[in-house]
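Peer 1: This is what each chain is made of:
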Amino acid sequence: MDITLQTVMSQVMLGLNNGVFYAILSLGLAVIFGLLNIVNFAHGALYMLGAYVALLGFTSLGPLLGMPDFHLNYWAALIIAPLVVGALGVVIERTMLRRLYKFDHLYGLLLTFGLALIIQGVFTNFFNVSGDPYEAKPEILNGAVNLGFMMFPKYRLWVIAISLLVCFGTWYVIERTKLGSYLRAGTENPELVKAFGVNVPLMITLTYGYGVALAAFAGVLAAPIYSVSPVMGAEMIITVFAVVVIGGMGSIMGSIVTGLLLGIVEGLTKVVYAPASSTVIFLIMVVVLLVKPAGLFGRES
Amino acid sequence: MSESESRNMLQISCLQAWYGESHILHGVDLTVGEGELVTLLGRNGAGRTTILKSIMGLVGRRSGSITVNGDETIAMATHRIAHHGIGYCPEERGIFSSLTVEENLLLPPVVKEGGMSLPDIYAMFPNLKERRNSMGTRLSGGEQQMLAMARILRTGAKLLLLDEITEGLAPVIVQALGRLIAQLKEKGFTIILVEQNFHFAADLADRHYVIDHGSIAEMITRDNLASSRDKLNRYLGV
Chain A
110 MDITLQTVMS
120 QVMLGLNNGV
130 FYAILSLGLA
140 VIFGLLNIVN
150 FAHGALYMLG
160 AYVALLGFTS
170 LGPLLGMPDF
180 HLNYWAALII
190 APLVVGALGV
200 VIERTMLRRL
210 YKFDHLYGLL
220 LTFGLALIIQ
230 GVFTNFFNVS
240 GDPYEAKPEI
250 LNGAVNLGFM
260 MFPKYRLWVI
270 AISLLVCFGT
280 WYVIERTKLG
290 SYLRAGTENP
300 ELVKAFGVNV
310 PLMITLTYGY
320 GVALAAFAGV
330 LAAPIYSVSP
340 VMGAEMIITV
350 FAVVVIGGMG
360 SIMGSIVTGL
370 LLGIVEGLTK
380 VVYAPASSTV
390 IFLIMVVVLL
400 VKPAGLFGRE
410 S
Chain B
279 MSESESRNML
289 QISCLQAWYG
299 ESHILHGVDL
309 TVGEGELVTL
319 LGRNGAGRTT
329 ILKSIMGLVG
339 RRSGSITVNG
349 DETIAMATHR
359 IAHHGIGYCP
369 EERGIFSSLT
379 VEENLLLPPV
389 VKEGGMSLPD
399 IYAMFPNLKE
409 RRNSMGTRLS
419 GGEQQMLAMA
429 RILRTGAKLL
439 LLDEITEGLA
449 PVIVQALGRL
459 IAQLKEKGFT
469 IILVEQNFHF
479 AADLADRHYV
489 IDHGSIAEMI
499 TRDNLASSRD
509 KLNRYLGV
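Note that the protein sequences, when read in sequence, are chains A and B. Quick note, the first sequence lines up with residues 110 to 410 if you use my numbering. Quick note, the second sequence lines up with residues 279 to 516 if you use my numbering.
What the hints contain is simulated information worked out from the structure, not anything from laboratory work. Heads up, the beta-carbon is just placed ideally off N, CA and C, and yes, glycines get one too. Heads up, some of the hints might be wrong.
[What the hints assert, rightly or not] Here are the computed lysine-lysine pairs in the DSS-like style, where the Cα-Cα straight-line distance is at most 25 Å: (1) Lys-287(A) - Lys-263(A); (2) Lys-287(A) - Lys-463(B); (3) Lys-287(A) - Lys-509(B).
[To be verified] Looking from chain A toward chain B, a few residues come up when the C-beta cut is under 8 Å (computed): (4) Lys-246; (5) Ile-249; (6) Leu-250; (7) Ala-253; (8) Asn-255; (9) Gly-257; (10) Lys-287; (11) Ser-290; (12) Glu-297; (13) Phe-305; (14) Gly-306.
[Claimed, not checked] Where chain A lies over chain B, by a calculated footprint (3+ residues, C-beta under 8 Å): (15) 313-327; (16) 488-502.
With the hints as extra help, turn the sequences into a complete structure.
Peer 2: The following block contains the structure:
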């Protein structure tokens with residue numbers, strides 16, 4: 110097989126494109142796990158839901174409202190889908206997750222896993238499992254850019270750029286601002302933060318809302334690339350959990366960097382031995398678990 | 279009681295508290311006047327820390343009455359209680375390791391007007407200024423204790439709940455803390471001190487409550503301290 114710089118760079122770019130999805134989803138999981146101590150298994154389903162908000166907003170919302178000409182456009186979907194799913198997250202946290210904090214992690218995991226199955230089941234019942242195309246990709250993002258070593262689709266470049274912006278923006282807010290200092294302190298010792306007079310329960314609700322809104326945002330970004338299907342989240346989340354295990358729960362930068370790197374590793378594996386690309390992340394996970402069980406960026410407790 | 283103690287800053291009556299199934303406080307009654315400094319003495323496990331935690335709403339369940347400045351707080355959510363002007367310094371100091379010294383200082387929201395400004399605090403604790411960009415738990419034990427104190431002086435809280443602030447610290451630091459507490463008392467702060475170091479407490483306090491088995495066994499004023507020594511030693515098991 111011929112390995113040229115060109116094929117390597119192409120796969121790096123395509124890998125990075127997958128990597129930003131891993132990064133944005135594992136970032137949301139890390140933020141949620143940090144403050145809520147809950148492994149949010151519903152993350153994949155909410156990612157899928159975000160894509161469906163965009164899809165249905167484009168195809169069905171107008172007719173439903175009696176305005177057949179109305180189509181929710183892509184840019185609006187990028188804002189509205191996270192808001193809708195974030196609001197749903199707020200309701201989930203307030204009505205269900207809140208009751209579980211005093212118990213072991215496991216209960217939150219089971220509850221969110223159940224939610225994921227319900228959401229996915231309902232969508233499987235009503236929508237095409239093999240997926241529907243989302244055809245609202247804006248004109249301006251059509252076509253490709255010449256990167257020198259390859260022609261790269263404009264849309265994918267946009268996805269990489271905006272995802273990196275959102276990831277590092279989130280990192281900045283958490284690690285460098287006053288708001289973030291509440292979140293970090295609340296992650297360490299929520300009782301004391303409460304005793305200082307901070308409304309920690311509200312902070313927890315909004316954090317969950319933000320975490321799942323990130324998933325929905327990723328879902329909208331994914332919609333024009335992959336077809337929108339009820340199982341898109343389930344497929345994605347398995348890899349993302351492997352990313353989280355490798356990176357280590359709870360580290361913000363760790364989750365971002367691990368997501369990006371593993372996307373690239375996946376891409377590079379395609380150059381060397383393509384059939385292994387879908388398993389390489391799990392191989393790395395096994396090795397990391399054996400060598401450093403807390404994950405690359407995790408703290409041993 | 280002196281004039282400044284005429285108004286009750288804190289009044290606790292029939293306070294009971296539980297952690298899960300274990301019943302820790304069995305009807306505690308105590309009052310603290312404005313500007314007063316009282317200590318809670320007792321053996322480990324007698325319930326002194328639990329009294330402070332109950333005031334902050336940090337126990338599993340509590341009943342009875344706790345009024346702060348006349349406002350009943352027993353049914354209040356924890357995050358509202360601090361806004362009645364209470365500053366809490368927990369036993370393990372509670373310095374956040376993922377926050378810098380300055381972030382630790384700025385974390386507790388201002389709950390009342392008249393708190394110290396950041397420059398005031400840095401003038402009072404020059405070490406903290408020097409190390410303001412270090413992570414909180416990189417400080418020495420003494421510095422961490424100063425940080426835990428400084429942190430609640432910024433908020434404007436007038437009632438300070440201080441849990442074992444001298445624990446595990448070198449004598450020279452304990453002396454510095456003693457001077458700080460005396461200074462704060464002079465400024466009009468009302469202070470409840472849970473203290474293991476009786477000599478530290480004896481010099482500073484107006485009154486002492488002896489806690490035993492989750493209730494108040496004895497109240498000793500500064501004037502009666504000398505005559506109550508034997509009794510006190512019995513309770514404290516020294």
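Peer 1: For every hint, state whether the structure bears it out.
Peer 2: Outcome of the hint check:
no.: 1; hint: Lys-287(A) - Lys-263(A); verdict: 36 Å, violated
no.: 2; hint: Lys-287(A) - Lys-463(B); verdict: 31 Å, violated
no.: 3; hint: Lys-287(A) - Lys-509(B); verdict: 50 Å, violated
no.: 4; hint: Lys-246; verdict: 40 Å, violated
no.: 5; hint: Ile-249; verdict: 41 Å, violated
no.: 6; hint: Leu-250; verdict: 38 Å, violated
no.: 7; hint: Ala-253; verdict: 43 Å, violated
no.: 8; hint: Asn-255; verdict: 44 Å, violated
no.: 9; hint: Gly-257; verdict: 41 Å, violated
no.: 10; hint: Lys-287; verdict: 7 Å, holds
no.: 11; hint: Ser-290; verdict: 5 Å, holds
no.: 12; hint: Glu-297; verdict: 5 Å, holds
no.: 13; hint: Phe-305; verdict: 4 Å, holds
no.: 14; hint: Gly-306; verdict: 3 Å, holds
no.: 15; hint: 313-327; verdict: violated (count 0)
no.: 16; hint: 488-502; verdict: violated (count 0)
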